[in-house]
Amino acid sequence: MLRDTPDRLPQDVRPMSNARLGILVLLGAEMMLFSGLIGAFLVFRMGNVTWPPPSHIDIQLPRAVTGINTALLLLSGYTMFQALRAIQKDRVKQLRNWLLLTGALGVLFLGVQGSEWAQLIRSGMTLQSGVYGGIFYVLLGCHAVHVIGAVIWLFIVLGMAVSGRFAASRHIGVETCAIYWIFVVALWPILYVLVYLA
Amino acid sequence: MLQWLPENVSTFGQSVDTLFYIIYYITLVVFILVMGTLITFLIKYRHREGQKASYIEGSTTLEIVWTAATTVIVFGLAMLSYPHWNKIKSPNEFPENPEVLVQVSGKQFNWDMTYPGPDNEFGTADDLELENQLHVPVNAVVHIRLTSVDVIHSFFVPQLRLKQDALPNRFINVWFEATKAGRYEIPCAELCGFGHSGMLGYLNVHSQADYDAWVKERWPQ
Amino acid sequence: MHDNEHASHHHEESFIRKYIFSLDHKTIGKQFLIYGLIMFFVGGGLALMFRWQLAYPERPVPIIGASPQYLEDGEVVTGADKMWERIYESEEEEWLEANMPNGVIEPAFYNMLFTMHATIMVFFVVVPILVGAFGNFLIPLMIGTRDMAFPILNMLSFWLAVLAAIIMAIGFFVPGGHAAAGWTGYAPLSSDPQWTGVEWGQNLWAISLLIQGFSSLVGSINYITTIINMRAPGMTLFRMPLVIWSLFIVAILLLLAFPVLSSALALLIFDRLAGTTFFTATAEGGGDPLLWQHLFWFFGHPEVYILILPGMGIASELVPVFSRKPIFGYRSMVYAMIAIAFLGWIVWGHHMFQSGMQPVLGSAFMTTTMLIAVPSAIKTFNWLGTMFKGSIRFTSPMLHAIAFVSMFVIGGLSGIYMANTPVDIFIHDTYYIVAHIHYVVFGGSLFAIFGGIIFWFPKMYGRYMNDVLNKIHFWLTFVAFNCTFFPMHILGVGGHMRRISNPMQYEFLQGFEGMNIFITMSAFTLGAAQLILVFNFFWSMSRGKVAEKNPWHVNTLEWEAPTPVPHGNFVGQVPTVYRGPYEYSVPGEESDWIPQAQPEHAHATGGD
Ligand code: HEA
Ligand code: HEA
Ligand code: CUA
Ligand SMILES: [Cu+2]
Numbered sequence: 001m002l003r004d005t006p007d008r009l010p011q012d013v014r015p016m017s018n019a020r021l022g023i024l025v026l027l028g029a030e031m032m033l034f035s036g037l038i039g040a041f042l043v044f045r046m047g048n049v050t051w052p053p054p055s056h057i058d059i060q061l062p063r064a065v066t067g068i069n070t071a072l073l074l075l076s077g078y079t080m081f082q083a084l085r086a087i088q089k090d091r092v093k094q095l096r097n098w099l100l101l102t103g104a105l106g107v108l109f110l111g112v113q114g115s116e117w118a119q120l121i122r123s124g125m126t127l128q129s130g131v132y133g134g135i136f137y138v139l140l141g142c143h144a145v146h147v148i149g150a151v152i153w154l155f156i157v158l159g160m161a162v163s164g165r166f167a168a169s170r171h172i173g174v175e176t177c178a179i180y181w182i183f184v185v186a187l188w189p190i191l192y193v194l195v196y197l198a
Numbered sequence: 001m002l003q004w005l006p007e008n009v010s011t012f013g014q015s016v017d018t019l020f021y022i023i024y025y026i027t028l029v030v031f032i033l034v035m036g037t038l039i040t041f042l043i044k045y046r047h048r049e050g051q052k053a054s055y056i057e058g059s060t061t062l063e064i065v066w067t068a069a070t071t072v073i074v075f076g077l078a079m080l081s082y083p084h085w086n087k088i089k090s091p092n093e094f095p096e097n098p099e100v101l102v103q104v105s106g107k108q109f110n111w112d113m114t115y116p117g118p119d120n121e122f123g124t125a126d127d128l129e130l131e132n133q134l135h136v137p138v139n140a141v142v143h144i145r146l147t148s149v150d151v152i153h154s155f156f157v158p159q160l161r162l163k164q165d166a167l168p169n170r171f172i173n174v175w176f177e178a179t180k181a182g183r184y185e186i187p188c189a190e191l192c193g194f195g196h197s198g199m200l201g202y203l204n205v206h207s208q209a210d211y212d213a214w215v216k217e218r219w220p221q
Numbered sequence: 001m002h003d004n005e006h007a008s009h010h011h012e013e014s015f016i017r018k019y020i021f022s023l024d025h026k027t028i029g030k031q032f033l034i035y036g037l038i039m040f041f042v043g044g045g046l047a048l049m050f051r052w053q054l055a056y057p058e059r060p061v062p063i064i065g066a067s068p069q070y071l072e073d074g075e076v077v078t079g080a081d082k083m084w085e086r087i088y089e090s091e092e093e094e095w096l097e098a099n100m101p102n103g104v105i106e107p108a109f110y111n112m113l114f115t116m117h118a119t120i121m122v123f124f125v126v127v128p129i130l131v132g133a134f135g136n137f138l139i140p141l142m143i144g145t146r147d148m149a150f151p152i153l154n155m156l157s158f159w160l161a162v163l164a165a166i167i168m169a170i171g172f173f174v175p176g177g178h179a180a181a182g183w184t185g186y187a188p189l190s191s192d193p194q195w196t197g198v199e200w201g202q203n204l205w206a207i208s209l210l211i212q213g214f215s216s217l218v219g220s221i222n223y224i225t226t227i228i229n230m231r232a233p234g235m236t237l238f239r240m241p242l243v244i245w246s247l248f249i250v251a252i253l254l255l256l257a258f259p260v261l262s263s264a265l266a267l268l269i270f271d272r273l274a275g276t277t278f279f280t281a282t283a284e285g286g287g288d289p290l291l292w293q294h295l296f297w298f299f300g301h302p303e304v305y306i307l308i309l310p311g312m313g314i315a316s317e318l319v320p321v322f323s324r325k326p327i328f329g330y331r332s333m334v335y336a337m338i339a340i341a342f343l344g345w346i347v348w349g350h351h352m353f354q355s356g357m358q359p360v361l362g363s364a365f366m367t368t369t370m371l372i373a374v375p376s377a378i379k380t381f382n383w384l385g386t387m388f389k390g391s392i393r394f395t396s397p398m399l400h401a402i403a404f405v406s407m408f409v410i411g412g413l414s415g416i417y418m419a420n421t422p423v424d425i426f427i428h429d430t431y432y433i434v435a436h437i438h439y440v441v442f443g444g445s446l447f448a449i450f451g452g453i454i455f456w457f458p459k460m461y462g463r464y465m466n467d468v469l470n471k472i473h474f475w476l477t478f479v480a481f482n483c484t485f486f487p488m489h490i491l492g493v494g495g496h497m498r499r500i501s502n503p504m505q506y507e508f509l510q511g512f513e514g515m516n517i518f519i520t521m522s523a524f525t526l527g528a529a530q531l532i533l534v535f536n537f538f539w540s541m542s543r544g545k546v547a548e549k550n551p552w553h554v555n556t557l558e559w560e561a562p563t564p565v566p567h568g569n570f571v572g573q574v575p576t577v578y579r580g581p582y583e584y585s586v587p588g589e590e591s592d593w594i595p596q597a598q599p600e601h602a603h604a605t606g607g608d
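Sequence order for the protein chains is G, W and X.
FYI, the numbering for the first sequence is 1 to 198, going by our numbering.
FYI, the numbering for the second sequence is 1 to 221, going by our numbering.
FYI, the numbering for the third sequence is 1 to 608, going by our numbering.
In short, the hints are calculated from the structure, not lab data.
Be careful, since some hints might not be right.
Straight-line alpha carbon distances no greater than 27 Å define the calculated DSSO-like cross-link-like pairs of lysine-lysine that follow [said to hold, decoys possible]:
id	chain 1	residue 1	chain 2	residue 2
1	X	Lys545	X	Lys18
2	W	Lys180	W	Lys87
3	X	Lys549	W	Lys52
4	X	Lys389	W	Lys52
5	X	Lys389	X	Lys30
6	X	Lys471	X	Lys545
7	X	Lys18	X	Lys549
8	X	Lys30	X	Lys18
9	X	Lys549	X	Lys30
10	X	Lys471	W	Lys44
11	W	Lys216	W	Lys180
12	W	Lys52	X	Lys18
13	X	Lys471	X	Lys549
14	X	Lys389	W	Lys44
15	X	Lys471	X	Lys30
Given the sequences, and given the hints that come with them, work out the whole structure.
In C-alpha cells, the structure reads:
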C-alpha cells in the first residue's frame, strides 16, 4: 500500500492512528445496533402490563448466577486493560499472560451463559414463547455473538503476541482488540440491569 | 390545484381544507419568490464577454433575515395547526355522547362493520354485522372503534377528510359528523396485501328519517 | 517531469487486480458508478411496467406480456411469446400464469413491482452512486491524499454491495415471488408469510439489505477515518469543499442509521423463520405492529437525508464554479447541513401521523419536521446568493445544478404540506407523497448525480461527454420529469391512493384516467431520455473529446492531479493547501480562479 506519511508537513499531526479511529467509529455503529434492539425490548417491556407476561410468570431468571458472571466479565475488562498497559511498557510476556487470562474469562462467561440458556430452555422459555423469550434470546444472543467475535479476535491477537509481533512501539493490533473488548464488556452491565433486574 | 379536492362533507373537514389553503398560499408565494429570483439572476447575471463576477462571500444580515423569517412562518403554521389536529384526533376532545357507535374492523380485504344494537354493548346477541356497508345519520356525531383482524389497514373517507390506520389487536377511536347525505367510498389506504387495491367499503349517510327507518328495520322492537 | 516512486510503483498489475478486485479508490468509485447505472435501469424498468398498469389497467403489457394462447397451449403468437419461449423451457410458464396472466399485471405482482422499484432505486442506485461512487472518487482527491485509509475495506464494501444485489436479484425467481410489502416493509404484512404468500422473497429482501448494511458500514468507517485523518497539509476542516462536508456528514448518518435498520431486519427474520412474534400482536405476550414502523423510520428518515445531502454538496460545487463566484455563506452552508442531519433524527414520526400514535406526539413531530425548513431555506437562499452578481455559464453540469435547486424547492415545499398533521390526514398514502418522493429523489438526488457525472467525467475518464447529447438529455429529462411527477400532486389532492394497482375500481377516481395515461406517457419519455445519458456515458469513455487537466477552471484539489489520474493520485508531493475552495473572481487578481494549492502571491495558474 501507499503510505502517505512522508508527504506530511510536521505541523500536521493526526489526533490518532487510522486503526484506532476506525475502531472507535465502528463502535458508534455497534451502539446503534444495540439501541435498536434495546428500543424493541423497552417497547415490549412498556407495552405489557406485567413483565414477564402472565404466560411466563413462573420463569425465574438466574439473577444471582448472572450477577457473578457479570463480575467475571467486568474483571476481564480489567485484565484486558492490564494487557494493554503491559505492551505499552514493552512487556511482551506479561501481555501474553494477561491476554490468556482475559480470553479464559471470556470463554468462562460464554460457558456460564450457555448453561443458563440450556436450563431456561428446559424450563420452557424458548425463542418462540412470546416476546418475552424472543427478545431475551435475540438481545442477549446478539451480545453473545459479539463476545464470541471478540474472543476469536483476542486469540488471534494472542497468537500474534506469542510469535512476537508486538512491541511498545507497535501494538495497534492489541489496542484495537482491547477497545473492542472493553466495549463489549461495558455493554453487558446495561443489558444485565435491563433484562434481569429492571 | 385545490379545486381537485373532493367535496367536503364533514364538520372538521373545513379545518383540513383551510390549512391546506393556507399552506398552499404560503408555499406558492415562497415558490414564486424563489423561482422569480432564480430566473432573474439567471438572465441578469448570465456570462457575457468581458464581464467579471463580483466577489461576495456572504452576508450575515441576509442569513439572519431568512433564517428568522422561515422560523417565524414555520412556528406560526405549527401553532395554527395544533388545535385542529387535536380536534380531529385527540380522544379527549371528541364530542361526547355520540348518536352512533360502531366498530369497524379491517380484514383482508373487507371492512367489517359491527353495530352494538340498542343495548350499545358489543358482543351481545343484538349486535349487527355488516360487510362493507356503514350506515349513519346526517348531522350526527359518530364514533368508530377501529381495529383489524390481520394486518394494518387504513380507514379512509376522502370526503370526510378522515384517515386512520387500523391495527391488529388494538382499538383506535375516531369520530366524524357528516353534513351531507349520500354514499361515499371507504377505500383502504394502507398496503395490506394483494387485495389492497379494491378493498372498498361504503359509507351511507342517511337523512335522520331514513336512518331511523333503517334502524327500525334491523331492530324491530 | 519528476515522476516519483509512488506513481510508478504499481504498473504491472494484472487485469483482475486493476479492474475487478482493485484497491484503488478511483476504480472502486467507477465500479460503484457503473453498478448504480445498471441498477437504475432495472429499477426504472420496473417502474415503467407498473406505470403501464396504472394507465391501462387490465390491458396486456406491450412488448413483454405473453398472449393468452401462449399461456393456454404454448402456441407462439406474439414477439413476447417468443421471448418467454426462449427464457423458459417448461414449467416456468406457471410463473407467467401467476404473475401476468394474459400479459396483464396481477395485483400481487404489482405490489412486488413497486416494492422492488423503490428498494432498488433507494438502496442500489442513489446511495451507491452518491455515496459509493462520488464518495470514493472524490474524497481522497479533494482532500489531497493518495488513497482511502483502508483500501481493502473499500474493496470489500463494493463487493458486499454486489453480493447484496445478487441476492436481491435471486428474489425475483423464488417461488412465492419477491418481497411485496412496499419498500417500507410494514409488519405484520411483511413478518408473516400467511398474509402475502411471499416466502423466500421477503427473506432474501431482508438478508440482502443486511448485507447492504455491512457494505455501508465498512464504507462509512473508511470515509470518516479518511476525512478526519488524511487531509493534505493546510486542508483545515473549513477549507474542505462542501461536497466533502456533505459526504462526511452522510457517512456519519449511514454509520448510525443503518444498524437500526439491521436490528429491525434481524427481528423480522426471526419472526419469519424462527417463529417469534415481535411484530404480531397476539392475545398474550405478543409483539407490537408499530415497533417495525418506529425502527424503520428511525432509520428511514436519516436515510432520506443520506439521499439528498451529497446532492446538495454536488450542487454547492457546481454553482460557484459556473457562476465564477465564491459560495455564498460557506460556513452557514456547513452548519445548515449539520443541522439537517441532526434534526433528521427527531422527525421520524411524521411518517406515522395516521398510524395511531399519540396525537401529542404527532404535534411534536410536526414541529420538529417543519423546523427542517429553516436549514433548507439557508441552503436554498445561499445557492441563489451564489448566483447573484455572478457570471453564469450554462454548461450541462450547471443546468443540472439549477434543476436540482428548483426541483428540490418544489419537493421540499410539498414536504411542508405533509408535515402539517391535519393536512397529512388527507394526503397521507396518496400520490401527493409519491410526487414528493420523486421531486426530492429524482428532482434532487438524480439531477445532482447527472450534473456530477458530467462535471467529473473529464477527471474520471480523461474525456468529455458529448455536449449536444448532454443538452438533449437534460431538456428531455427536465420536461418529462415535470410532466411525469407534477400531475401526481393533483392526483394526491384528488385523494388518489398510492400502491393501488387499479384506480379505476374507485368511483371517486374515475376522473383521473386521462391524467394517469399522460403520466405514463411522460414516464416512458423520461425513461427513453435516460438511454441517451447512458449511451453518452459509455460512448464517451473511449470516444469522447480528450479533456485537458482542468477544463472547467476549478480550484479544488482533484483538478491538480494529472488526467487520467495515476495510482497514488498526485505527482510528486501531495499538494499543500493555502486557501478555501471557492476563491473565484477575487478582486485584483488577473485570473478569475485561484486553486487551493497555489501558494500565496504566486501568479501562475494551474501549472504542475
Ligand atoms: C431525498 C429525500 C427526501 C427529502 C430531502 C425529504 C425532505 C422532506 N420531507 Fe420527505 N419523504 C421522502 C424523501 C425525502 N423527503 C420519502 C422517500 C418519503 C416517503 C416514504 C414512503 O412512505 O414511502 C417522504 C415522506 C415524507 C413525509 C410522510 C408523508 C406521509 O407518508 O404521510 C413527510 C411528512 O412530514 C415528509 C416531510 C418532509 C419534509 C418537511 C422535508 C424537508 O426536509 C424539506 C425542506 C425543504 C424546503 C421546505 C424547501 C426549501 C426551503 C425554502 C425555499 C424556505 C421557505 C420555506 C418555507 C417558509 C416553508 N416526507
Ligand atoms: C431514488 C428513488 C426513485 C427513483 C429514481 C424513482 C423513479 C421513478 N419512479 Fe418511483 N418510487 C420511489 C423511488 C424512486 N422512484 C419510492 C421510494 C417509491 C415508493 C414505493 C412504495 O410505495 O413502497 C416509488 C414509487 C413510485 C410510484 C408509485 C407506485 C404506487 O404507489 O403504486 C410510481 C408511479 O408512477 C413511481 C414511478 C417512477 C418513475 C416513472 C420513475 C422514473 O423516473 C424512472 C425513469 C428511469 C427509467 C425508466 C430508466 C429505465 C430505462 C429503460 C428501462 C429503458 C427502456 C425505456 C424505454 C425504451 C422507454 N415510483
Ligand atoms: Cu386493507 Cu389496504
Ligand atoms: Cu421522513
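Against the structure, the hints:
Of the supplied pair hints, the one linking Lys545 of chain X and Lys18 of chain X holds, its CA atoms being roughly 24 Å apart against a limit of 27 Å. Distance hint between Lys180 of chain W and Lys87 of chain W is fulfilled; the C-alpha atoms sit about 20 Å from each other, no more than 27 Å. Straight-line distance between C-alpha atoms of Lys549 of chain X and Lys52 of chain W comes to about 23 Å, which keeps the hinted pair within the 27 Å bound. Our distance criterion of 27 Å between C-alpha atoms is met by Lys389 of chain X and Lys52 of chain W, whose separation comes to about 9 Å.
The hinted pair formed by Lys389 of chain X and Lys30 of chain X fails the criterion: a straight-line CA distance of about 36 Å is larger than 27 Å. For a cut-off of 27 Å, the pair hint linking Lys471 of chain X to Lys545 of chain X stands: about 16 Å separates their Cα positions. This hinted pair checks out: Lys18 of chain X and Lys549 of chain X have alpha carbons roughly 23 Å apart, not beyond 27 Å. Distance check on the hinted pair: Lys30 of chain X and Lys18 of chain X sit about 12 Å apart at the alpha-carbon level, within 27 Å; holds.
Taking the CA atoms of Lys549 of chain X and Lys30 of chain X, the gap is near 19 Å; set against the 27 Å cutoff, the hint holds. Restraint check for Lys471 of chain X and Lys44 of chain W: satisfied, since their Cα atoms lie roughly 22 Å apart, inside the 27 Å limit. Between Lys216 of chain W and Lys180 of chain W, the direct Cα distance comes to roughly 22 Å. Compliance with the 27 Å bound is thereby established for this hinted pair. The suggested pairing of Lys52 of chain W with Lys18 of chain X is violated, with an alpha-carbon distance near 44 Å, which exceeds 27 Å.
With a CA separation close to 23 Å, the supplied pair Lys471 of chain X and Lys549 of chain X stays within the 27 Å bound. Between the alpha carbons of Lys389 of chain X and Lys44 of chain W the distance comes to roughly 8 Å, so the proposed pair stays at or under 27 Å and holds. For the suggested pair Lys471 of chain X and Lys30 of chain X, the alpha carbons sit about 23 Å apart, so the restraint of at most 27 Å is met.
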